[in-house]
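Using the hints, position chain E against chain C.
The residues making up each chain are set out below.
Number of protein chains: 2
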Amino acid sequence: MTRRFYAPNLAGLGVAVLLPDSESAHLRRVLRIEAGDTVAVFDGRGGEYVARVEQVEAAGVLIRPIQHVDQTSEPSVALTVAPALLKGRKYDEVVRDLTMVGAVVVQPLATARTEAKPRDTERWTRIAVASAKQCGRAVVPEVRNPCSFHSFVAHDRSALKLLLVEPGVSDRATAIRSLEREPPPSTATLVIGPEGGWTTEEIMTAVNGGFRALTLGRLTLRADAVGVSVVSILHYIWGDV
Amino acid sequence: MTRRFYAPNLAGLGVAVLLPDSESAHLRRVLRIEAGDTVAVFDGRGGEYVARVEQVEAAGVLIRPIQHVDQTSEPSVALTVAPALLKGRKYDEVVRDLTMVGAVVVQPLATARTEAKPRDTERWTRIAVASAKQCGRAVVPEVRNPCSFHSFVAHDRSALKLLLVEPGVSDRATAIRSLEREPPPSTATLVIGPEGGWTTEEIMTAVNGGFRALTLGRLTLRADAVGVSVVSILHYIWGDV
Chain C
-1 MTRRFYAPNL AGLGVAVLLP DSESAHLRRV LRIEAGDTVA VFDGRGGEYV
49 ARVEQVEAAG VLIRPIQHVD QTSEPSVALT VAPALLKGRK YDEVVRDLTM
99 VGAVVVQPLA TARTEAKPRD TERWTRIAVA SAKQCGRAVV PEVRNPCSFH
149 SFVAHDRSAL KLLLVEPGVS DRATAIRSLE REPPPSTATL VIGPEGGWTT
199 EEIMTAVNGG FRALTLGRLT LRADAVGVSV VSILHYIWGD V
Chain E
-1 MTRRFYAPNL AGLGVAVLLP DSESAHLRRV LRIEAGDTVA VFDGRGGEYV
49 ARVEQVEAAG VLIRPIQHVD QTSEPSVALT VAPALLKGRK YDEVVRDLTM
99 VGAVVVQPLA TARTEAKPRD TERWTRIAVA SAKQCGRAVV PEVRNPCSFH
149 SFVAHDRSAL KLLLVEPGVS DRATAIRSLE REPPPSTATL VIGPEGGWTT
199 EEIMTAVNGG FRALTLGRLT LRADAVGVSV VSILHYIWGD V
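Taken in order, these protein sequences are the chains called C and E. For the first sequence, the residue numbers in the working numbering are -1 to 239. For the second sequence, the residue numbers in the working numbering are -1 to 239.
Only chain C is shown next, with the shape it has when bound in the complex (with noise of 0.2 angstroms):
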C-alpha cells in the first residue's frame, strides 16, 4: 500500500517541496520511509500526486511529485456542513466523519440550546486532515470557527440551504425525499442542530432566511451520529453514490 501524505504547499508536477513537519516526522521516524521510495501526496485542495521522495533528513523531508493522479471521489455538490457544538469530544468525530463523507467546509454553529463551548479550531483541522488522509479525499475540508446561529443564517450563500429539523416540529418541514424532484444544486449548506433541538424562533429565522426545514423521517438519530446519515442520503439523491 502506498502511503499517502498532506503536503498543502505543494505546487504541481516537478516541484520539489518539503513536507509539513507532523508529516515528516510520521514518514520518516513511524514509517521509516528513505530517500528513494515512492509516496503518495495530496494538497488538500483536490490535488494529488505520486511523489518521490528525495531528502530524509531531521531538518525536513523533501519530496517531488513526479505523476498527476486522477482524482474521481469529490461529490458533484460543494456542500457546507453546519452543526451546533457538541459537549466533550463529540465534536472531533462530527469533524472526522463529515471529512469521510465529503463536506468541503464545516461550520461550528453556537446556538440557543448549545452547551458546549467552541474548542480549539486549529485541532479540528487536524483531525479533518488525519480523515482526509485515511479516507482517500483529497480535499480537505475548511473547519471555520465557531460562529452565532443567527449569523451564518444571515450570511449564508449557498444555492440550497438546508435546516434539518425533527418531524413535527414545523408545519413548513418537508421530508428529505422532496429534493428529488429538483435537480441538484451548484452548493449547498446542511444547518444541523444541537442535542436540546432548535428553538421556535431558530427555525423562524432560518425559514424567512431562505432555508427549507427538512425532515429526515422515522428515526432519531444522535446529534453526533445524524451529519453521517444526512449527508450520506443527500449525495445518494444528487447522484453521488
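Hints in this document: simulated from the structure, not taken from any laboratory. No false leads were mixed into what you were given.
Copies of the same chain are indistinguishable here, so a pair counts whether it falls within one copy or spans any two.
Straight-line alpha carbon distances no greater than 20 angstroms define the calculated EDC-like cross-link-like pairs of lysine to aspartate or glutamate that follow: (1) Lys88 / Asp222; (2) Lys131 / Glu164; (3) Lys131 / Glu193; (4) Lys115 / Asp90; (5) Lys115 / Asp222; (6) Lys85 / Asp118.
Keep in mind it's a predicted model, so treat the numbers as computed, not measured.
Below, chain E without anything else, positioned relative to chain C:
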C-alpha cells in the same frame, strides 16, 4: 421529558412488572423517580407504554403500563446487518450506531482478514439496549454470538442478501442505486467487511451463495462508520426515510 426504561418482561397493559436491576437502580438512585411518577417503558420487541411507577424500593421497582403508545419508528424492511469484527472498542460504536439506524439483528462476523478477537456479546447487548433507549426505538436488535463468515453466508435466509464491496474488486458488483428498480424486500441482510477488505474467495463464496455484491460509490468510508451510511441509504431507497 418522560424518562424511558427497558422492561423486557412486560406482559401488556395493566400488568405490573419489575424493572430489570440495572434499570431499577438508574430510576431510583440516579433519576430519583418516585412512586406515583409516570415513565415510558418498552419491551425491546416493539411494545411501548406509558407506565405508572407503583413501588420504588431497593428490592425492586414495580411499574404498571397504563397506556399503549403507537410506535411508528420501525423501518418496514427487517434488516440484519453482519459487520466483520473490528479491533478495540470500535465494535461498540458499530452496535450502538446500527441500533440507532434500525437494524433488527446484528451478527458479528469473523472473516479471513478479521484481526479482532470476539468479545463479550452481553456487553454489546447492553450497548444495544442503551442505544434503543436513547433513540426512542421500542425494538432492541438481537446481537448474536460471533460466527464465521462462511457459516453465516451458508445459512442466511433473508429475501435480499447484500455484500458490501469496494468499487472495482468484483466485476459482478452493482451500485446500490440498482436496488431502486426493485420493490422493497420483506427481509434483507447486509454483510460488511473488515478494515482489510474481503478476499476474492470470500466474494465468490457469497455471490455463489446468492449474495449480491454492492458498491457504495466514490468515497472510501471507515469500516466502523460505513454501516450508518449504507443502512441510511437502504432505508431511503425502501421508503422508510
